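S.K.: Sequence:
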Amino acid sequence: MTQSQIKVLLVEDSPVATELYKRMLESSPEIQVVGVASDGVQALSMLPQLQPQVLCTDLQMPNMDGFELIKQVMAKFPLPILVLSNLVQKEDIDNIWKIVQMGAADFLPKPTAASPVDQEQLQNTLITKIKVLANMQVSPKPL
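What the sequence shown shows, in the working numbering, is residues 48 to 190, in sequence order.
Calculated directly from the structure, the hints in this document are not laboratory data.
Fair warning: this is a prediction, and the values are worked out from it, not measured in the lab.
Glycine included, each C-beta is placed from N, C-alpha and C at the ideal position.
Mixed in with the good hints there might be a few duds.
Capping the alpha-carbon separation at 25 angstroms, the derived lysine-lysine pairs in PhoX-like fashion look like this [what the hints assert, rightly or not]: (1) 145 to 118; (2) 69 to 118; (3) 145 to 178; (4) 188 to 145; (5) 188 to 69; (6) 137 to 176; (7) 188 to 118; (8) 137 to 178; (9) 176 to 188; (10) 188 to 54; (11) 188 to 178; (12) 118 to 176; (13) 123 to 54; (14) 178 to 123; (15) 145 to 176; (16) 178 to 54; (17) 188 to 123; (18) 69 to 178; (19) 69 to 54; (20) 54 to 118; (21) 54 to 176; (22) 137 to 118; (23) 176 to 123; (24) 118 to 178; (25) 123 to 145.
FRET-style restraints, in silico, Cβ to Cβ [claimed, not checked]: (26) 76 to 97: 32 to 38 angstroms; (27) 122 to 165: 33 to 39 angstroms; (28) 147 to 182: 17 to 23 angstroms; (29) 137 to 97: 18 to 24 angstroms; (30) 166 to 76: 16 to 22 angstroms; (31) 167 to 63: 27 to 33 angstroms; (32) 110 to 175: 29 to 35 angstroms; (33) 167 to 189: 39 to 45 angstroms; (34) 95 to 166: 30 to 36 angstroms.
Kindly generate the complete structure, drawing on both the sequences and the hints.
M.R.: This is the structure we're talking about:
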């Protein structure tokens, strides 16, 4: 890892989605996935040691979902959070509002069968969002 690489922690309970996102992110020489967690509890335990610059998380996970993870991260280890979820499609205005209010910096809907997406376009969007978020200043949000 070079000093300039952006350290990302990926939180996703689907092995298929995890592998896809990891491959997409690591296709950029500027990004390194420093850890992968399958739920919010595991992610919180990894944060102090890994010290990622950006957290990418799903919302639907066992043990601790992404909503609770966002709250905990913003209170204890504030950093830019990108939500990658089926729950932030264009029509999910309530969820989008909720995650932004909690402190998530941005979101990217997971592709669905109803709205298939070009994988290269998704990869470019994901990498661009990570690069932008890595330079973002965030403020703690008490629980």
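S.K.: The structure should be examined with respect to each hint, and the outcome stated for every one.
M.R.: Hints and how they fare:
1. 145 to 118: Judged against 25 angstroms, a Cα distance of about 11 angstroms means the pair holds.
2. 69 to 118: holds (24 angstroms)
3. 145 to 178: holds (23 angstroms)
4. 188 to 145: holds (14 angstroms)
5. 188 to 69: violated (28 angstroms)
6. 137 to 176: holds (17 angstroms)
7. 188 to 118: holds (8 angstroms)
8. 137 to 178: OK: residue 137 and residue 178 at ~23 angstroms, within 25 angstroms.
9. 176 to 188: Holds, at roughly 22 angstroms.
10. 188 to 54: holds (22 angstroms)
11. 188 to 178: holds (23 angstroms)
12. 118 to 176: OK: residue 118 and residue 176 at ~21 angstroms, within 25 angstroms.
13. 123 to 54: Between residue 123 and residue 54 the Cα gap is close to 18 angstroms, so the pair holds against 25 angstroms.
14. 178 to 123: Within the cut-off at roughly 23 angstroms; holds.
15. 145 to 176: holds (20 angstroms)
16. 178 to 54: Cα-Cα ~10 angstroms, so holds.
17. 188 to 123: Holds, because 8 angstroms separates the two Cα atoms, which is no more than 25 angstroms.
18. 69 to 178: Status holds; Cα separation ~15 angstroms.
19. 69 to 54: Given pair residue 69, residue 54 holds - Cα atoms ~12 angstroms apart, limit 25 angstroms.
20. 54 to 118: At roughly 21 angstroms apart (the allowed maximum being 25 angstroms), residue 118 and residue 54 satisfy the hint.
21. 54 to 176: holds (13 angstroms)
22. 137 to 118: Holds - the C-alpha atoms of residue 118 and residue 137 are around 23 angstroms apart, at most 25 angstroms.
23. 176 to 123: Holds: residue 176 and residue 123 sit about 23 angstroms apart, inside 25 angstroms.
24. 118 to 178: holds (23 angstroms)
25. 123 to 145: holds (19 angstroms)
26. 76 to 97: 32 to 38 angstroms: Since the Cβ atoms of residue 76 and residue 97 sit about 19 angstroms apart, the hinted range of 32 to 38 angstroms is violated.
27. 122 to 165: 33 to 39 angstroms: holds (37 angstroms)
28. 147 to 182: 17 to 23 angstroms: Given a distance of about 19 angstroms, which is inside 17 to 23 angstroms, the answer is holds.
29. 137 to 97: 18 to 24 angstroms: Given range 18 to 24 angstroms: violated, Cβ gap about 32 angstroms.
30. 166 to 76: 16 to 22 angstroms: holds (19 angstroms)
31. 167 to 63: 27 to 33 angstroms: Cβ of residue 167 to Cβ of residue 63: about 18 angstroms, so the range 27 to 33 angstroms is violated.
32. 110 to 175: 29 to 35 angstroms: holds (31 angstroms)
33. 167 to 189: 39 to 45 angstroms: Roughly 41 angstroms apart at Cβ, these two residues keep to the hinted range, so it holds.
34. 95 to 166: 30 to 36 angstroms: With Cβ atoms ~34 angstroms apart, the hint holds.
Comparing the model with each earlier hint shows violations of hints 5, 26, 29 and 31; every other hint is respected.
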